[in-house]
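Using the sequences provided together with the hints, build the complete structure.
From first to last, the protein sequence lines are chains A and B.
Counting from 27, one number per residue, gives the positions in the first sequence under the numbering used here.
Counting from 27, one number per residue, gives the positions in the second sequence under the numbering used here.
Check each hint, because a few of them may be wrong.
Given that identical chains are not distinguished, each listed pair holds provided it fits within a single copy or across any two copies.
Unchecked claim - Cut-off 20 Å, straight-line C-alpha distance, at most; resulting in silico cross-link-like pairs (PhoX-like, lysine-lysine): (1) K45 - K418; (2) K418 - K119; (3) K33 - K384; (4) K275 - K198.
Bear in mind the hints are in silico, worked out from the structure with no lab data behind them.
Protein chains: 2
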Amino acid sequence: MNSEIRKNRMTDATVTVLKADNTPLANHEVVIAQTNHKFLFGTAAFDLVPFTNGTYEGEKQEQAQQRAEKLLALFNAATLPFYWARFEPQRGKPMTAQVQNAAQWCIDHRLITKGHPLCWHTLTADWLLSMSNAEILQAQIARIKRDVLDFRGLIDMWDVINEAVIMPIFDKYDNGITRLCKEMGRINMIKAMFDATHAENPSAILLLNDFDISPAYDILVEGCLEAGIKIDVIGIQSHMHQGYWGVEKTLEVLDHFSRFNLPVHFTETTLISGHLMPPEIVDLNDYQVQEWPTTPEGEERQAQEAIQHYQTLFAHPLVEGITWWDMSDGGWLNAPAGLIRKDGFSKPAYDEILKRVKGEWWTSPTQFITDSNGQIQFTGFLGEYELTCDGKQGSFSLTKEDATTIEIHI
Amino acid sequence: MNSEIRKNRMTDATVTVLKADNTPLANHEVVIAQTNHKFLFGTAAFDLVPFTNGTYEGEKQEQAQQRAEKLLALFNAATLPFYWARFEPQRGKPMTAQVQNAAQWCIDHRLITKGHPLCWHTLTADWLLSMSNAEILQAQIARIKRDVLDFRGLIDMWDVINEAVIMPIFDKYDNGITRLCKEMGRINMIKAMFDATHAENPSAILLLNDFDISPAYDILVEGCLEAGIKIDVIGIQSHMHQGYWGVEKTLEVLDHFSRFNLPVHFTETTLISGHLMPPEIVDLNDYQVQEWPTTPEGEERQAQEAIQHYQTLFAHPLVEGITWWDMSDGGWLNAPAGLIRKDGFSKPAYDEILKRVKGEWWTSPTQFITDSNGQIQFTGFLGEYELTCDGKQGSFSLTKEDATTIEIHI
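Next up, the structure:
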């Protein structure tokens, strides 16, 4: 195993097993099993909204059920959709209840949820266009406050603002958010959105998220931190429709952001299993095709690249999460970006990632005999654990911070 | 004339001419003549250092004299060299006296001086390489304090820090400043350098200067302002060895910086009169050629582009200066970037810029008759003026702020 993965993702633990009377359970057989990762292995999970709201029927619902099971088998985190244009197409009629159903389903299935995004110029509400900038700001902040409050406890992690680097100079079409950002400036805009989010959910984890990996983005992060904005996590997109970055570029990108010593999430990771998008395309949205088939060679390539990308990121001390985008083929751009084909079968990339996430990087159930002090020692991956002994169970967390000694009462 | 030039560079003035006894000089003939521009028409003037220090001899000195005269005929501002590697090749032995001679010559000839640059990773002192980052910081700040103090009154405008966008990720070769910037971060580094400069010359005009015109630079400016750094002027390089930007791109660049409402200087403007540098060159310094001749077609093109570039910038309300880079052929990269050929003759671009700066955009000597209140009214370009009457002279400044009424005692 990669020594950096060993160093950054595992820890040595001493577990003391105590009986109900607080005396050690000495010389006894116990089984320890990991039940979750601390690291966030996530996916865009927009499909959960129709799935949990009875939108699908018959065979479609069955297929969605199968996709949901595949999701749960591999992932422990889900990104849910808050694109304003779709979330509230008519002002005052947000689809809060539907997304709450999806979020509740995630919680019930032990998935960490993230909302994406609260503020973005693309897919923002059309009805902002008739407003003054002061009114747009008011509406945007009201939208954030409403949604963050409505989802508190269901979603406690947010992509607060998406793609702020291009936001004020975005020139594809007029929209309220670009207008506002042009007037306010990026940093003031980010500050206002973070403040609004923080006000309604002070303990939520707040991300700045961008596809820009040029110095512009790391300078923006620096400027935000100088301005006192509390960024919890730096979000980096990596839509690789035009080809895998490779390890060197990935490490170089991480190097530029490492000096802030902030956690990094790879928030939108795409590797496709069909032909690559031509390199001359600048805005990925400009590539519109009727058919973009997955191919056997493409699926092999995708699997190899996915392993390499996940290994690189899982080994890096600052990365705390990777989100795959999308779970199934035929989502954004109709790209063969899924880990699951349109026919519902898993691709090799799914199997290979699963082999790591629930195999090589996972502490499988292991039997120990406690010593005379009721202790066992082991080295495990960071995350949640269950200890079983004579049919009784206790649970504990393995973290870098306090994993050397854990007491469990059985 | 371009209506924006009329609006932004001229003003209507009422001049009251008073006699020694403070009564109006009524119904009398006076002549008004502009003697200087408020707008900075500058040039890189490194040649003035050897010229004013007796480095040249015989014919070489004569040629330098002719170049200096051409400089004075066209320009009112000069950028003097402070590249650390050359200014202080051996630690503790700076060439202060030589550059002071050049600066004094500029002052004597009514040129506004600027020092370039106080902090830059390229051409920084080699002897920093053996130091720790703490020592490099100390040496860099000491260098700034010494030079800013030594030149106070001679140079009151500084490119404090050059190319901070690329500074921490510059990877061509190891150097002390990149190391330091990587550790401190760009904004903290800029703050330290601005603070040191400001401490020794609080009224100096301080520039941030960069060749980067991507969002990275305008985000950096935003971050610096958020961090409380007092940037007086935004410096934008425009080395167009690979071709003239054109009006549209120039205005687009200005548009990105306009929201700060800060003055802008085009600090390093290059338009060449030979073949263009190939577009695939990323770092201009990588283009090394033995010969790069000026050509008749190239000189025509250069002249046309220079007029257009100067007109665009002179018309823009936030631009307050343009510096040509270099004055003569054979400077940086051995490029035919000069307004003067190697043989000392002016190129068409020189003549065309001169026709604007001292012609179309210049208030030539004009005769007026004062009215019964001793007043004359005229519309003139912003800058310095001389009023002559019966062999006596008075001077005044024409500014946007208080140009409506000026009193002159003759």
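Here's how the hints hold up against the structure:
1. For the identical chains of this complex, K45 and K418 are intra-copy neighbours only, at 11 Å inside a copy versus 109 Å across copies, given an alpha-carbon limit of 20 Å.
2. Taking identical chains as interchangeable, the C-alpha atoms of K418 and K119 are never at most 20 Å apart, the minima being 49 Å within one chain and 79 Å between chains.
3. Taking the closest pair of Cα atoms, K33 and K384 come within 20 Å of each other only inside a single copy of the chain (18 Å); across copies the shortest separation is 70 Å, beyond that limit.
4. Within a single copy, K275 and K198 get their C-alpha atoms only as close as 29 Å, which misses the 20 Å cut-off; across copies the closest is 17 Å, which meets it.
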